[in-house]
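Going line by line, the protein sequences match chains W and S. Positions 0 to 902 (numbering that gives the first Met the number 0) are the ones given, in order, by the first sequence. Positions 0 to 149 (numbering that gives the first Met the number 0) are the ones given, in order, by the second sequence.
None of these hints come from the bench; they were simulated from the model. Among the hints, erroneous ones may be present.
Pairs of lysine to aspartate or glutamate residues, derived as DMTMM-like cross-links and limited to a Cα-Cα distance of at most 25 Å, are as follows [what the hints assert, rightly or not]:
no.	chain 1	residue 1	chain 2	residue 2
1	S	33	W	580
2	S	30	W	655
3	W	707	W	655
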Amino acid sequence: MDDLLSEFLTETSESLDTIDTELVRFESQPNDKDTLNNIFRLVHTIKGTCGFLGLPRLEAVAHAGETLLGKFRDGALPVTPKAVTLVLESIDQIKALLTHLEGYAAEPDGNDEELIARLVDAANGGLAEGADAPANDAEEVVAETTDSVEHDDDDDEEDPNAPPPGVDPDKWDAQLGRELRPGEVSLADLEAAFNAVEPEVDMGAAPKVEEKAPAPAAAAAPAVERAAPINQTIRVGVDVLEDLMTMVSELVLTRNQLMQMVRGLDDSEFKAPLQRLSAITAELQEGVMKTRMQPIGTAWKKLPRIVRDACQDLNKKIDLVLDGESTELDRQVLELIKDPLTHMIRNSCDHGVETPEARKSNGKPETGTIHLRAYHEGGHIIIEVADDGAGLNTERIRQKAIEKEVVDSMEAASMTDSQVHRLIFAPGFSTAAKVTNISGRGVGMDVVKTNIELIGGAIDLRAQEGEGTTFLIKIPLTLAIISALIVGVGEERFALPQLSVVELVRTGNERDQRVERISNTQVLRLRDRLLPLVTLNQILGVDGNHGNDIVDESGNAFVVVMQVGDTRFGLVVDEVFDTEEIVVKPLTNMLTGLRQYSGATILGDGSVIMILDPNGVAKEVSSIEGVTQAAEAEEEAENVRDDKMSLLLFRAGGDEPMACPLSLVTRLEDLDAETFERSQGHQVVQYRGKLMPLVHAAGSHMIKTEGKQPILVFNQGETVIGVAVDEILDIVHDSVNYEMSELTPGVLGAAVLKGKTTQIIDVAHFLNEGQRDWATTATTKQDERRILLVETHPFFQNMLSPLLKAAGYDVTLAPTEDKAIELLKEDEVAFDAVLADIDAGQGVSRLAEAIDANSQLMQAPRFGLSNRDDAQPTELGMSIPKADRHALLMALDSALKARGDAA
Amino acid sequence: MSSTEYVTFQIGTQTFGTSVLEVHDVFRPTKVTKVPLSKPDIAGVLNLRGRIVTAIDARARLGLPPREGDPDDIMAIGIEQNGESFGLIIDSVGEVVRLEENDMEQNPVNLDPIWASVSKGVHRMDDKLLIVMDIGRILAVGEPDEGLAA
Chain W
0 MDDLLSEFLT ETSESLDTID TELVRFESQP NDKDTLNNIF RLVHTIKGTC
50 GFLGLPRLEA VAHAGETLLG KFRDGALPVT PKAVTLVLES IDQIKALLTH
100 LEGYAAEPDG NDEELIARLV DAANGGLAEG ADAPANDAEE VVAETTDSVE
150 HDDDDDEEDP NAPPPGVDPD KWDAQLGREL RPGEVSLADL EAAFNAVEPE
200 VDMGAAPKVE EKAPAPAAAA APAVERAAPI NQTIRVGVDV LEDLMTMVSE
250 LVLTRNQLMQ MVRGLDDSEF KAPLQRLSAI TAELQEGVMK TRMQPIGTAW
300 KKLPRIVRDA CQDLNKKIDL VLDGESTELD RQVLELIKDP LTHMIRNSCD
350 HGVETPEARK SNGKPETGTI HLRAYHEGGH IIIEVADDGA GLNTERIRQK
400 AIEKEVVDSM EAASMTDSQV HRLIFAPGFS TAAKVTNISG RGVGMDVVKT
450 NIELIGGAID LRAQEGEGTT FLIKIPLTLA IISALIVGVG EERFALPQLS
500 VVELVRTGNE RDQRVERISN TQVLRLRDRL LPLVTLNQIL GVDGNHGNDI
550 VDESGNAFVV VMQVGDTRFG LVVDEVFDTE EIVVKPLTNM LTGLRQYSGA
600 TILGDGSVIM ILDPNGVAKE VSSIEGVTQA AEAEEEAENV RDDKMSLLLF
650 RAGGDEPMAC PLSLVTRLED LDAETFERSQ GHQVVQYRGK LMPLVHAAGS
700 HMIKTEGKQP ILVFNQGETV IGVAVDEILD IVHDSVNYEM SELTPGVLGA
750 AVLKGKTTQI IDVAHFLNEG QRDWATTATT KQDERRILLV ETHPFFQNML
800 SPLLKAAGYD VTLAPTEDKA IELLKEDEVA FDAVLADIDA GQGVSRLAEA
850 IDANSQLMQA PRFGLSNRDD AQPTELGMSI PKADRHALLM ALDSALKARG
900 DAA
Chain S
0 MSSTEYVTFQ IGTQTFGTSV LEVHDVFRPT KVTKVPLSKP DIAGVLNLRG
50 RIVTAIDARA RLGLPPREGD PDDIMAIGIE QNGESFGLII DSVGEVVRLE
100 ENDMEQNPVN LDPIWASVSK GVHRMDDKLL IVMDIGRILA VGEPDEGLAA
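Bound conformation, chain W alone:
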């Protein structure tokens, strides 16, 4: 029998059993919505699957039953015992049909018009008016108690195909609809005769049916005794398996202990039995593990059929090639990827592969190919769905995304092709130009993505226009077992989910990677990037081997480089043990309040360790600096509104520290002073294939002439500038309590950082200086576009306006929203763009209104500015982090260009 069909039979017979009990319960509690919904859903599923498998008779009965149930559900009909009996009857009929299906892999001939008519009648309120269908009371009992064979008989009595009165039933042929002529044999008799010849057929039952039921079925009878094949498998709750697994793990541990004890004894009488116990335990463990694992092929079984049907519907020719069907994964995961996979295959058929004509004209073979591959890769399963179709139409996606307001036109313009491609995963996006039967019903790839992410997986795609699209799904082997890195701090061990671990770095004074120990904050210079470091003992508040110091005298430390979302940091641990597959167990309620942990696990040696939650740890990391400065922060309560920013502290030309926002620094370099050259009277250095002008934060004469020179590299657009400093001190994450600006060029003002007065340098000044000194890099003049900057915070006023000016804009600063609105009311003042601080909150919508009200400004681009990196769009449109000057300038530039083009 077809695998699909047998799976359908198993599932459906289970559903039917449920429906039976549910219906009975429903009869006694007609108001129980949940029960009714459950029944409705089950019947609906049966109907749907029947349609899919091409079983019209079953589908018709299920459909009529569903309609009646629907009326109950909507409250259109009262729930009466008669009505319920009728539903039960339809269920019984479905069962009878199924039994036949099981025996013959095909629906029995005939139809159920009479039953359906009654169901329809009841659904139209027929029962309520007492227009009782032939289903009398006696029959109701029959319907509920008799087996399907007898029930079939009852049906036949009411069968409209039954012989009219006065006609010899033996000579009536239902299919022909007339009496048999002498010598003619009814089709049913013929069929029965054939069936009787088949060896499996129960000879006893067939004739008995024949006597009473000429037409539809010798059906059920032979199969009744053969119900066994369905029950080859049983379903077991996952929790039962889970418990079994726990017990087996425990058994393994106990066995290990025993083995340990016996190992010392040379001639123990326990040896042989232990050996056996050991072998059995191992087998048991493997067996239990196996119960959870299934080859991915089981999830693929329906796919060839789906592709075939899709081909017919769409008039396409597609080959489905399956690879790696035996790749095993946890059945729970398997269940969860079934639907997304089906959806993706349909998508590939519908949108991916072109019509034969189109393929031909593009010089491709008429038959397209969808290649489905599964393989293991580092504790994950990779599933590839690749088609050799048209690929993705980048422009159409871009347009569609703008149309559907998934992104705005500016964002869309600045996206790369692959970023655009990924938009198909965005909610509310469906690329189908027209809605087809196959896909494009609005639930699209975003659902696929969500489902895959739910099980800790990821999805990505590669598309080549004209050559095809490949989707890559990466999913964990199992949900219960994760791969974790076991690390140690002090006496304790912890598990770190491998998924967030990027790499392990061993530092040391003699090694390439050194921890820079400066003040209280430590950083690791890793491949030209600064990685903030925290120790795990700091995060957990325990004593580590070196106290709060990260490294010992020789500079040795284990750094686990973690990536959580967009944050990357180094977690310093005392020891790194190994990676282990661990079974995640939930925490007791008492401990769930601790965001540092996501669960606990039992290791191979029987000890319990806590699993660290990378998200929670990342949150701790960002607040650690705050801990030491908590007292100060409280004093300045009015300033604490999210003003925190990371600043790079350095020393230049004096002892007092200087600082600049870390986000402005592109790179930190330690360059050899001997490589510096002089050109046109200025210092330059060859840097990444270009000449980079050098200035010193405290005057150019301070640049070293020998040894290593620490350089802060800034760049803006094409301009790169190196600012030399004497020493890089530290990175602080603190709220900037900005104090009055001094009128020194290159200095914005001063702030107290870590208890010391620190000068904050004006990066824009140095960029300008770099340009002046090094005139060959031309800036694109913005022909004095006017920009209204609404910014309340003096620090950002001073940081942003020179920056914008340096980029060639004419900046008007409004220190308050009221001031800005006032400015906007003067119609003759035309601004080309508006940038406004949105962190303050209330003013945003008023400001947006004022902008709209100004006739000159109607279409002017506007942006919100925020201190946060993840700020949401507001009435002012896209939000840009204040510190991200590249994003700001690029957004402005492209928005103004777009506007200029439009005008």
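Guided by the hints, dock chain S onto chain W, whose structure is given.
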């Protein structure tokens, strides 16, 4: 007259008792894993036959000084509550006694508030007093009404 069977146990110098029906297990805890940042009342987590058990330090819970002597010489009472397993770490376990419910007396009014919150009442025995422990309360680590201890 109804009577209850109590498992008796010792915390510090005090004898406590709790209904045998509430006690799932009595075991000697080994390898208790500390959970940094958790409340001091939580001694840690441990593996009891494949289940992860949250161990609660009865001494810390009652505001008694930490145990002296051999740190491994402790016992724990296993309790199941809301599908979770707990182990209450105590000093030692005594015999099982049957006591008349009517003989139980109210908590003395001047009993320390933390103790009062976990005590259902007091039985007078021949040579000592037995405090009937309210298991639900002693497991309610960190719930608001124990804050009045301060």
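Exercise for review: Could you grab the alpha-carbon distance between residue 33 of chain S and residue 580 of chain W and see if it respects the 25 Å cut-off?
Suggested key: Given that 25 Å is the threshold and the Cα spacing comes to 22 Å, the pair holds.
Check your understanding: Within a Cα-Cα threshold of 25 Å, do residue 707 of chain W and residue 655 of chain W meet the stated pairing?
Key -> Cα-Cα ~21 Å, so holds.
Check your understanding: Does the structure keep residue 30 of chain S and residue 655 of chain W at a Cα separation of 25 Å or less?
Key -> 52 Å, violated
Hint 2 alone, counting from the list given before, is not met by this structure.
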